[in-house]
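Asks: Listed below, chain by chain, are the residues.
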Amino acid sequence: MIYFDNVSKIYKKNSVALQNVTLTIPSGEFVSVVGHSGAGKTTLTKMILAEEAPSEGTVFFESINVHKLKNKDLTRLRRRIGVVFQDFKLLSNKTAYENIAFAMEAVGKSDAEIASDVPHVLELVDLGSKIMHFPSQMSGGEQQRLAIARAIINQPELIIADEPTGNLDPINTHEIIQILKKINDLGTTVILATHNRGVIDSIGRRVITMENGKIIRDDKNGKYAL
Amino acid sequence: MQTLKRIVKSGYINFKRSGLISWAAVLVTTITLSVITIIILLQAVLYSSLGQIKDKVDVTIYFNVGAPESEILALKSSLEKLPEVKEISYTSAPEALALFRERHQNDYPTIQALDEINTNPLGAYLNVKAKEVSQYETIANFLKSDNALVSGSQSIIDKVNYHQNKLVIDRLNTIIGGAQRLGLLITLILVGISIIVMFNTIRLTIFISREEIGVMRLVGASKVIVQGPFMVEGAIYGIVATVITMALFFPGTLWLGSKMTAFFGLNLFDYYLSHFFQIFAILLLSGILLGMISSFIAARRYLNK
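Chains as they are written, first to last, in our numbering: chain V, 1 to 226; chain W, 1 to 305.
Simulated from the structure, these hints should not be mistaken for lab results. If you're wondering where the values come from, they're calculated on a predicted model, not measured in any experiment. It is possible that some hints are incorrect.
Part of the chain V face toward chain W, derived, beta carbon under 7 Å [what the hints assert, rightly or not]: (1) Arg78; (2) Lys89; (3) Asn93.
Ranges of calculated distance between the beta carbons of each label pair, as one might list FRET restraints [unchecked claim]: (4) W/Gly192 / V/Asn212: 51 to 57 Å; (5) W/Met1 / V/Lys70: 21 to 27 Å; (6) W/Gly19 / V/Asn71: 31 to 37 Å; (7) V/Asp73 / W/Ile293: 27 to 33 Å; (8) W/Leu42 / V/Glu113: 19 to 25 Å; (9) V/His36 / W/Lys9: 26 to 32 Å; (10) V/Lys70 / W/Ile282: 38 to 44 Å; (11) W/Val197 / V/Asp87: 30 to 36 Å; (12) V/Asn71 / W/Leu190: 35 to 41 Å; (13) V/Ala112 / W/Gly192: 22 to 28 Å.
Lysine-lysine pairs mimicking DSS-like chemistry, simulated, CA-CA at most 27 Å apart [stated by the list, open to error]: (14) V/Lys94 / W/Lys223; (15) W/Lys86 / W/Lys144; (16) W/Lys166 / W/Lys131; (17) W/Lys166 / W/Lys81; (18) V/Lys46 / V/Lys12; (19) W/Lys144 / W/Lys56; (20) V/Lys68 / V/Lys94; (21) W/Lys16 / W/Lys223; (22) W/Lys56 / W/Lys81; (23) W/Lys81 / W/Lys54; (24) W/Lys5 / V/Lys72; (25) W/Lys223 / V/Lys46; (26) W/Lys223 / V/Lys72; (27) V/Lys109 / W/Lys54; (28) W/Lys54 / W/Lys76; (29) W/Lys54 / W/Lys259; (30) W/Lys76 / W/Lys5; (31) W/Lys223 / V/Lys70; (32) W/Lys9 / V/Lys94; (33) V/Lys72 / V/Lys13; (34) V/Lys109 / W/Lys259; (35) W/Lys131 / W/Lys81; (36) W/Lys16 / V/Lys109; (37) V/Lys214 / V/Lys109; (38) V/Lys72 / W/Lys81; (39) V/Lys46 / V/Lys68; (40) V/Lys13 / V/Lys214.
Using N, Cα and C, we set each Cβ at its ideal position, and we do this for glycine too.
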């Protein structure tokens with residue numbers, strides 16, 4: 001589904017974010033990308049969304065070279081990907097309902113579909129009682145669950161979660177990982193970037209370990225090995 | 001249609017929820033629109049003053065004593081056909097005499113001398129007003145020309161006072177032109193400054209949302225869906241600011257009208273009321289356009305990510 005072909009990202013001479021990364025992620029897989037801060041995890045995920053352009057190499061989403069896409073086509077591609085960030089990146093002046101509704105409006109869903117699906121997905125992440133709350137009125141765990149609800153509402157083929165548990169306590173972290181596993185069980189590909197040892201060890205799926213912009217390990221049923 | 005409805009609704013909700021930031025933008029927009037209103041009123045004062053001065057300028061064609069009225073009226077109708085001529089008044093010889101007597105009614109020797117002559121020494125005259133001060137020369141030249149319309153008139157014309165007034169008219173013409181150019185320059189500078197201040201305020205309000213714009217794009221929202229609500233917000237700033245400005249200038253011009261009419265030579269309150277809808281339309285259009293264009297440009301910066 002995703003293919004990195006010898007991708008490098010060099011910001012300045014001495015600042016290399018990715019170095020000759022070649023990587024294949026098949027559809028339906030749960031992949032954890034681990035590494036210390038600055039190892040290149042976030043750059044890797046940003047490449048898939050075409051937030052960053054590679055200095056060398058090519059990134060494919062299925063057969064599409066994502067960095068050759070025109071603005072309109074890139075918007076369409078992003079609709080097939082759900083994104084979850086460490087700092088949630090919710091729309092602060094919209095309620096929980098409106099945050100999810102916005103993602104549905106973006107793909108052109110009708111008002112009736114929005115009215116029926118939004119409460120349902122909020123129930124799914126246990127936020128049914130917070131439907132009219134603003135993000136500032138929610139805890140960190142609740143905000144992250146809202147972000148996940150937004151990421152899955154349009155049934156994307158891929159979820160990218162960049163340090164989704166970085167700001168959460170162990171209980172909330174466990175909940176978020178369980179939700180991501182459930183999403184993966186339903187067939188959605190998940191890429192999880194994290195440096196949380198406990199999280200990686202509890203998942204028991206494929207682990208890609210990065211250091212200084214390079215992939216140093218790729219284990220099928222990996223553990224945290226740094 | 002559904003997208004447009006959502007964009008308008010979202011813009012309105014954003015405006016309501018942004019609280020102080022929205023009102024700061026409305027305040028700056030109100031200042032911009034107030035500058036535009038002040039300029040409209042100042043232009044009205046300037047044009048009214050210039051109009052009054054222009055109205056005092058005219059050219060009089062004096063005819064020889066005994067010139068046949070039919071020829072004078074023929075010349076009058078020829079002159080009336082000139083596009084430069086605004087109006088012509090004809091004063092016949094007996095009327096000229098009556099006016100002269102009235103003017104000099106306390107000047108006994110003059111009246112006595114007139115009585116002794118026993119005939120009317122005054123000729124008829126035409127008083128010509130041009131549409132623009134600069135056009136008097138054209139009219140004077142027309143009278144001197146060999147044009148068929150005026151042929152034969154030379155013999156009945158005693159004198160045309162344009163040449164005596166030429167210096168005053170020319171000077172006035174220069175002053176009027178200068179005042180209008182200066183007015184336009186000041187207008188452009190003030191409006192320019194106001195637009196820059198307003199644009200920067202709106203840019204700041206959107207700068208606050210720059211991260212959210214990026215998130216919206218990552219969620220897969222098209223440019224229109226992201227940019228649209230900001231433009232609607234900009235339009236709302238314009239609409240609200242127009243209403244506030246119109247409300248502020250109501251008591252403002254009422255006070256100026258009651259205190260300063262003699263100074264301005266124009267009752268600003270009357271002018272404001274009689275041009276209420278024109279001013280409202282100008283402000284509304286300027287406010288909405290400025291708000292929308294500023295928002296469009298400011299949001300565009302963060303869209304291409």
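Asks: Quick one, are W/Lys223 and V/Lys72 close enough, alpha carbons at most 27 Å?
Replies: With a Cα-Cα distance of about 9 Å, the restraint between W/Lys223 and V/Lys72 holds, given a limit of 27 Å.
Asks: For the pair supplied as a hint, W/Lys16 and V/Lys109, confirm whether the alpha-carbon distance does not exceed 27 Å.
Replies: 25 Å, holds
Asks: Determine whether the Cβ-Cβ distance between W/Gly192 and V/Asn212 falls within the hinted range of 51 to 57 Å.
Replies: Holds: the Cβ-Cβ distance is about 53 Å, inside 51 to 57 Å.
Asks: Given a hint of 31 to 37 Å, does the C-beta separation of W/Gly19 and V/Asn71 actually sit inside it?
Replies: Given range 31 to 37 Å: holds, Cβ gap about 33 Å.
Asks: Do the alpha carbons of W/Lys56 and W/Lys81 lie within 27 Å of each other, as the hint requires?
Replies: Satisfied, since the Cα-Cα distance of roughly 22 Å is no more than 27 Å.
Asks: Identify whether the interface hint at V/Arg78 stands, where standing means a beta carbon of chain W within less than 7 Å of its own.
Replies: 4 Å, holds
Asks: Identify whether the interface hint at V/Asn93 stands, where standing means a beta carbon of chain W within less than 7 Å of its own.
Replies: Holds, because the Cβ-Cβ distance from V/Asn93 to chain W comes to roughly 5 Å (cut-off 7 Å).
Asks: Mind checking the alpha carbons of V/Lys214 and V/Lys109 for me, to see if they're no more than 27 Å apart?
Replies: 40 Å, violated
Asks: Would you check the hint for W/Lys5 and V/Lys72, treating anything up to 27 Å between C-alpha atoms as holding?
Replies: 22 Å, holds
Asks: Okay, W/Val197 versus V/Asp87 on CB: inside 30 to 36 Å?
Replies: Holds, at about 33 Å.
Asks: Does W/Lys259 sit within 27 Å of W/Lys54, going by the straight-line distance between their CA atoms?
Replies: With Cα atoms ~25 Å apart, W/Lys54 and W/Lys259 stay inside 27 Å; holds.
Asks: Is it true that the CA of V/Lys72 sits at most 27 Å from the CA of W/Lys81?
Replies: 64 Å, violated
In terms of the numbered hints stated before, the structure departs from hints 8, 9, 13, 20, 27, 30, 33, 34, 37 and 38, listed from lowest to highest.
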